[in-house]
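S.K.: Those sequence lines, one after another, are chains A and B.
Under the numbering used here, the first residue of the first sequence is numbered 1, with each subsequent residue one higher.
Under the numbering used here, the first residue of the second sequence is numbered 1001, with each subsequent residue one higher.
Hint data in this document are derived by calculation from the structure and do not stem from the laboratory.
Values in this document were obtained by computation on a predicted structure and should not be read as measured data.
Possibly wrong hints are sitting among the right ones.
[Claimed, not checked] Estimated spans, in silico, between C-beta atoms of each pair: (1) B:G1239 - A:D7: 47 to 55 Å; (2) A:V107 - B:N1238: 47 to 55 Å; (3) B:G1087 - A:E163: 33 to 41 Å; (4) A:E43 - B:R1164: 34 to 42 Å; (5) B:R1289 - A:R159: 29 to 37 Å; (6) B:D1390 - A:E43: 45 to 53 Å; (7) A:E101 - B:R1385: 22 to 30 Å; (8) B:N1238 - A:D199: 24 to 32 Å; (9) B:R1385 - A:A17: 50 to 58 Å; (10) B:P1207 - A:L115: 48 to 56 Å.
[What the hints assert, rightly or not] To list a few chain A residues with every Cβ distance to chain B over 12 Å, as calculated: (11) I13; (12) Q36; (13) E43; (14) A46; (15) V59; (16) E101; (17) R102; (18) H106; (19) G114; (20) R138; (21) L155.
All C-beta atoms in this analysis are idealised placements derived from N, C-alpha and C, irrespective of residue type, glycine included.
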Amino acid sequence: MARLNDDNVRLAIETIARYPRPRSAMIPLLHLAQEQDGHVTNEAMAHIADLVGATPAEVWGTASFYEMFKFEAVGKYVVNICGTMSCALMGADELIHHAEERLGVHVGGTTPDGLFTLERAECQAACTEAPCLQVNYRYRFRVSTESFDSLVDDLRAGRLDGEIPAHGTLATVRQQIPAGRGVGAVAPESVVSNPDWFDGKAAL
Amino acid sequence: MSGPSGTWQHAPGFWEGDRPRIVTSRFAHADSHTLERFLATDGYAGLRRALAMPAAEVHGEVRTATVLGRGGAGFPAGTKWGLAPEGVWPKYMVVNGDESEPGTYKDRLLMERDPHQLIEGCLIACYAAGLSQCFLYVRGEMALAQERIATALNEAYAAGYVGRNILGSRFSLDIVLHWGAGAYVVGEETALIESLEGNRGMPRLKPPYFPAAIGLYGQPTIVNNVETLANLPWIMRNGASAYTAIGTATSPGTRMVAVSGHVARPGVYEIVNGTTTFRDLIYGDEFCRGIRDGNTLKAFVPGGGSAPWFTPDQLDLPFEASRVGPAGSMLGSGAVMVMDHTTDIPRAALTLTRFYAHESCGKCTPCREGGTWLERILSRVVDGRGTMEDLDQLMEVGQSICPGDFPHASSSDLGLAAVPFPYKMTTICFVGPSAFVPVHSALTLFRSEFEERVSRRTRIPVRAVAP
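Please work from the sequences and hints to get the whole structure.
M.R.: If you want it as structure tokens, here you go:
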């Protein structure tokens, strides 16, 4: 498993068709690759390069800029504890310290059982619910050392499997444009006029 | 579903109250994100009214309403649309849902709690400005927002609200949901476009200053913030005059503000623009109810992590750009971060500077190198390993990112004159200056705390232990 599998190639082609230029689908396709393998492999990047008409180096160039893409195996659960201003004011440093002790790894490390990767994240947009964290980008608010411990227990016991998918799966719902309902994307150079509805008259 | 006014909280962090509600009117319903609830509460009625008018009239209505951009710069949406050249096509809309300014979260709630309202706003904007396609760029880390918007778009396509012949009219438009992948700088509009083109999210060299001239694929592109667009359905339903009747002439309508940090009731509030003051917000009974544990206010950040800090001297300023600007800061993205008297100021400044140093894209040397220097020097000061020279060094490094006069809160105690925002800078975008803002504010307003740290070499946790 490394190149995109057949189902994902179908999804990739559908996604590419939504953009005026195929290259715009690069980040969504990288997410797809990460969902398939848990991280983004070199083979997947080469495959994406073929699909969007770029070189593997260009795909790597883009992918390596963004923090969510991982290029080696990470834990099933990536735990991002926010450490920016509002969370820091409400005790994030203590929480991160506690998490390091509890999981037995430093920030950036993965537990030996491959279950948890601990990261110190920047602002996660839940500042009034500080300190907050995300497990595979699902929120936990006003986290105390006690609630952190029970979260770890729940994850270990598989009690949150329904809510929190393994790392790589971002959104569990995808956009689907039903056949015949979409307008369709056109390369900008192929567009020869304003939209026909934009003619000074009411559309309805 | 809704309980007693002001006490009820459905979306974590959100508090309603007896105030005009333009963008949060459906938050009281547990199912506010569904098409069913949306249609039962005037959903897509604004779109219907817009489509019955010529596009230019819809544009005129929004221009009259003076909807100030809610992403940070406060540029009026109607004016921005008008910057796109005529006779050039296609034109695109890119919705900026990459909300990640420290302290800010309102777009996330709007996307999670009322995705159809945003979709309706996108449709109205694209119709008014004659745009060919709409891309909704949602921050990568917001899984729930992505799921809610995907569901809403799927419902809307199936029901004929998005896609071909919308509401049976001649108007057709695709809205494409796009996921980000974690990069603060992508919130800068030209970096957002780079990212949408499949590149590293680095801001483009200016000029052109506005992507409305040259944007996505080199075409005219309107970039609007989520909250800005969320206002449009209400304006089309109720008219521009109803909108301008709320707030002040220069800051009409409402805006969402997240107040976090050391307040008794942190939360996101929809407030009346222009008239609500920081004192109302921090101490008001319907808002944050004062500082936690009866503590006293030391300082606050008025408009997201990039904004110069204020002290209790500025509490009576209203949410009005023309007042906050001359006082030396900005309203930015609607985020107030409050620090009480127990706060370790140098360490608080470090958390913000570290953020901007970490998020530098690396394109401009003053930001890439300067931000990191600021972080390292400040870090050793905080750890008690700094010297008095380090404090001067911090200011010197900052001056190489923002040369010349720098804005700060005017304080009668300090006898400092206020310099209006914005400032001169040696970088393409505001990430570089933003790394210096917290250092400058903290060092100007609370220099003695830094000096004490240098001489005593003490270590104090950022969250002071309660006495």
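S.K.: Quick check: which numbered hints come out false for this structure?
M.R.: Of the numbered hints, 3, 15 and 20 do not hold.
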